[in-house]
Amino acid sequence: MIIVKSTNELSPKELIDILKARVAVFVVEQNCPYQEVDEDDYSDLHVCLVENGELEAYTRIIDKGDHITFGRVLVVEKFRKAGLGAKIVQATIDEIEQRFPKQPIQIQAQAYLQEFYASFGFKAISDVYLEDNIPHLDMLLNLN
Numbered sequence: 009m010i011i012v013k014s015t016n017e018l019s020p021k022e023l024i025d026i027l028k029a030r031v032a033v034f035v036v037e038q039n040c041p042y043q044e045v046d047e048d049d050y051s052d053l054h055v056c057l058v059e060n061g062e063l064e065a066y067t068r069i070i071d072k073g074d075h076i077t078f079g080r081v082l083v084v085e086k087f088r089k090a091g092l093g094a095k096i097v098q099a100t101i102d103e104i105e106q107r108f109p110k111q112p113i114q115i116q117a118q119a120y121l122q123e124f125y126a127s128f129g130f131k132a133i134s135d136v137y138l139e140d141n142i143p144h145l146d147m148l149l150n151l152n
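Under my numbering, the first residue of the sequence shown carries the number 9, and numbering increases by one thereafter.
Hints listed in this document are in silico derivations from the structure and should not be mistaken for laboratory results. Virtual Cβ for every residue (Gly too), placed ideally from N, Cα, C. Errors might be hidden in some of the hints.
Cut-off 25 Å, straight-line C-alpha distance, at most; resulting in silico cross-link-like pairs (DSS-like, lysine-lysine) [to be verified]:
1) Lys-72 to Lys-13
2) Lys-21 to Lys-95
3) Lys-72 to Lys-110
4) Lys-13 to Lys-28
5) Lys-86 to Lys-13
6) Lys-95 to Lys-13
7) Lys-89 to Lys-28
8) Lys-110 to Lys-13
9) Lys-28 to Lys-86
The calculated label-pair distances, taken between Cβ atoms and stated as ranges, are [stated by the list, open to error]:
10) Ile-11 to Ala-90: 14 to 20 Å
11) Leu-23 to Glu-123: 29 to 35 Å
12) Val-35 to Lys-72: 21 to 27 Å
13) Tyr-137 to Leu-18: 30 to 36 Å
14) Ile-142 to Pro-112: 22 to 28 Å
15) Phe-108 to Met-9: 18 to 24 Å
Could you put the whole structure together from the sequences, leaning on the hints where they help?
Right, here's the structure in full:
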């Protein structure tokens, strides 16, 4: 089941489950110490794939004014290799189309995932650069 909530709509358990998963993937697994929880978390939308009360996959949507972005895309380790990454990204794009019609979606994708995001229609709009010592590139999807 896909659940979309703003930060202030999350229960304490939901918030802690999300933050635990994000730190596990983006800080611990990727061996990348950085400020994982940030100012955007006050006002973003959390897209969660939850089954039997357990978080399986996650993204967050951020309204940047002139475009929408999403990030922190993850699948909890024990649920990987089941196509949930594609499922959560498609659900995120669908949510953006519904809430922010015709707004472009610009993301910072890890470079190794360029083909994955291209499969949803994203196009590279930058060269590869390092973000927290991980190769990234900017990608854009225009929803017309």
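Results for each hint:
no.: 1; hint: Lys-72 to Lys-13; in the structure: 18 Å, holds
no.: 2; hint: Lys-21 to Lys-95; in the structure: 23 Å, holds
no.: 3; hint: Lys-72 to Lys-110; in the structure: 14 Å, holds
no.: 4; hint: Lys-13 to Lys-28; in the structure: 17 Å, holds
no.: 5; hint: Lys-86 to Lys-13; in the structure: 24 Å, holds
no.: 6; hint: Lys-95 to Lys-13; in the structure: 17 Å, holds
no.: 7; hint: Lys-89 to Lys-28; in the structure: 20 Å, holds
no.: 8; hint: Lys-110 to Lys-13; in the structure: 21 Å, holds
no.: 9; hint: Lys-28 to Lys-86; in the structure: 14 Å, holds
no.: 10; hint: Ile-11 to Ala-90: 14 to 20 Å; in the structure: 18 Å, holds
no.: 11; hint: Leu-23 to Glu-123: 29 to 35 Å; in the structure: 33 Å, holds
no.: 12; hint: Val-35 to Lys-72: 21 to 27 Å; in the structure: 24 Å, holds
no.: 13; hint: Tyr-137 to Leu-18: 30 to 36 Å; in the structure: 32 Å, holds
no.: 14; hint: Ile-142 to Pro-112: 22 to 28 Å; in the structure: 24 Å, holds
no.: 15; hint: Phe-108 to Met-9: 18 to 24 Å; in the structure: 22 Å, holds
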